[in-house]
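J.: Sequences listed follow chains D and R, in order.
If you count by this note's numbering, then the first sequence holds residues 7 to 291, one letter each, in order.
If you count by this note's numbering, then the second sequence holds residues 133 to 464, one letter each, in order.
Keep in mind that the hints are not guaranteed to be accurate.
[Stated by the list, open to error] From the structure, some residues in chain D lie toward chain R, with a derived Cβ separation under 10 angstroms:
hint, residue
1, G74
2, T77
3, L83
4, A103
5, I131
6, I153
7, R159
8, E166
9, S168
10, Y172
11, L180
12, F185
13, A186
14, A187
15, A201
16, R207
[Stated by the list, open to error] Derived list of chain R stretches under chain D, where covered just means 3 residues or more per stretch with a C-beta under 8 angstroms from a C-beta of chain D:
hint, region
17, 225–235
18, 305–313
19, 386–396
Source of the hints: derived by calculation from the structure; they are not laboratory data.
All residues carry an ideal CB built from backbone N, CA and C; glycine is no exception.
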Amino acid sequence: MLFPRRAALTVAALAACSGRYPGSRSRRDGARASLLVRGSDTMVLLARRWAEAFAANNRCDVEVAGGGSGTGIAALLNGTADLAMSSRRMHERERRALEAQGRASSEHVVATDAVAVYAASGLTIAALSLAQLAAIYRGRATRWTPIDGRDERVIPYGRESSSGTYAFFKERVLDSLDFAAEVQSLPGTASVVEAVACDPRSLGYAGLASHIGVQRVPLSADGPAALAPTKANILSGAYPLSRPLYLYLAARPSAQALAFVRWVLTAEGQAIVEREGFCPLAERT
Amino acid sequence: MQDVAHSAEAIEPPSPLRTQRGAPWTHRAAEHAIRACASVTIAAVVLVLAFVLREALPLFFDRPRHAEVPLGSLVLPRQWTGYDHATFVWQPVGGVAKFNIVPLLLGSLKIATLAVLIGAPVGVAAAIGLWQLELRRARRWIKPAIELLASVPSVVVGAWALGTLAGVMQSSLGLLWRLNALTASVALAVMIAPLVFTISDDAINAVPEELTEAAFALGARRFEVALKVVVPAALPGIAAALVLGLGRAIGETMIVVMVSGNAPVLRPCDPTSSARTVTATIATELGEVVQRSPHWSVLFMLGAVLFACTLALNAIAAAIIARLTRRLRGRS
Chain D
7 MLFPRRAALT
17 VAALAACSGR
27 YPGSRSRRDG
37 ARASLLVRGS
47 DTMVLLARRW
57 AEAFAANNRC
67 DVEVAGGGSG
77 TGIAALLNGT
87 ADLAMSSRRM
97 HERERRALEA
107 QGRASSEHVV
117 ATDAVAVYAA
127 SGLTIAALSL
137 AQLAAIYRGR
147 ATRWTPIDGR
157 DERVIPYGRE
167 SSSGTYAFFK
177 ERVLDSLDFA
187 AEVQSLPGTA
197 SVVEAVACDP
207 RSLGYAGLAS
217 HIGVQRVPLS
227 ADGPAALAPT
237 KANILSGAYP
247 LSRPLYLYLA
257 ARPSAQALAF
267 VRWVLTAEGQ
277 AIVEREGFCP
287 LAERT
Chain R
133 MQDVAHSAEA
143 IEPPSPLRTQ
153 RGAPWTHRAA
163 EHAIRACASV
173 TIAAVVLVLA
183 FVLREALPLF
193 FDRPRHAEVP
203 LGSLVLPRQW
213 TGYDHATFVW
223 QPVGGVAKFN
233 IVPLLLGSLK
243 IATLAVLIGA
253 PVGVAAAIGL
263 WQLELRRARR
273 WIKPAIELLA
283 SVPSVVVGAW
293 ALGTLAGVMQ
303 SSLGLLWRLN
313 ALTASVALAV
323 MIAPLVFTIS
333 DDAINAVPEE
343 LTEAAFALGA
353 RRFEVALKVV
363 VPAALPGIAA
373 ALVLGLGRAI
383 GETMIVVMVS
393 GNAPVLRPCD
403 PTSSARTVTA
413 TIATELGEVV
423 QRSPHWSVLF
433 MLGAVLFACT
443 LALNAIAAAI
453 IARLTRRLRG
463 RS
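For reference, chain D alone in the conformation it holds in the complex:
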């Protein structure tokens, strides 16, 4: 009675451990081909919508998995994904590692996103400069006093180091210096927004997301003008933390993978970008 079930479990566990993802490397068994897209958590929902629409019109299933931009690029390197989605550019080191394997990849900008800084709603925060933000996340400034006069400690939240948002924030805001050890890292955009909503002393950075219980803090780069991450500001490039989103193709991509990227860049694909709350490409220029 117990044995067959245990055997089935063992087989399942072994299959799970074998390291080959069922959808890895596009293959044509039978009628439908399949693609595996991995990477940025910021882009997972967007890529799922793409996948659904693409699969409906093509004889190809697209599987989407998150884990962070680094995860996707590592998967590309390790040969366990056909496409990597990334919210940051590939590092020189990663590019060289790919080339060393003889698998130089191609890069495609597919949408525009912004990193927003969140605070609990109900606070009156006029603006934050990037310098103030850097001081807070570097651990040089720990009080709310200079920002809105409250004599409280700032509780900074951020993303895990596997996240493209983390890498982007570190590079753009911290000037590639280190985060303070006190910065708490959470496993997703939603968890950052939720944590910030729970504590009026906290501040968090994450991708654009639905913002119930939180507000997006307007940011200023050099000048005095503070801009909120509205669509207009992101599209014009004026918002200091806007960024392109990428899809990376493995070398010698399958026809399906190429078709997928090409389709994403069409008006149909870009309409989904807009519907998911990101900024489509064509409007940016």
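Starting from the structure of chain D, add chain R where the hints point.
T.: Just chain R now, kept in the frame of chain D:
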């Protein structure tokens, strides 16, 4: 020759480990099957260890790797550019990757110790209390109910801790950090207490009745018997429960990732600050890492350290149990 073998068999009782020569073939087949299963388990442990070590060892023996990650930088404080003083930094992604494992080890130790300090007394006390109250009939459903609590998936406990416990603890204790080691430890204690309870309860109920009956016959009250006879006699089992609880606490990942805040701070004595554990680090970072990169090796080395800790804990537990059992036998 055959005669000698025969007479030896006649004198010595047949070994229980070996089926006798005349046994039916089904017995032999079963014996081989059991042996195969056992060797698979042992082989799995050995292979896992070998795999972890193979991935971690380049850190120690590969010269180019030494230039990228000097061994000293793994455990010694260092003043990096941009820092005011020498310190222990875990910041594996960035321009200069910094792999100091001290904050992670201290984080694991802090959370696991706190969790055992909170959870184990509850579990042991519950087991003693159940014996003391003489709830023999109630035990039949109390014990499975508590064991059911032990089998709640840790994600569920983590979600509860994140959604409810963290807020309650922050407002009632006035904590600065909503996500902190103490909250994570309380959530972990919820997982550990049932485990400690059920093992302690088994140990307590395995105490021979002659001992307790003798104590009662001498006029001891029930709580005296509980504390002076039952608990000392069950001590090896209770010690095993504590060590298993500690092992569980060190190995637990999900709750810690969700509730501890994951900040690699260096405050081993401040339970209300955040902590980043070894397991949480491996879980969140391993998926992102390029295979065979320095970061990859360091994460596997962390795994090896974890393996060594568990092994040491088990060895200590075995030693304690052996010692206590011997002492108990000597007295009775």
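J.: Going back to the hint list, which numbers does this structure go against?
T.: Per hint list: 5, 6 violated.
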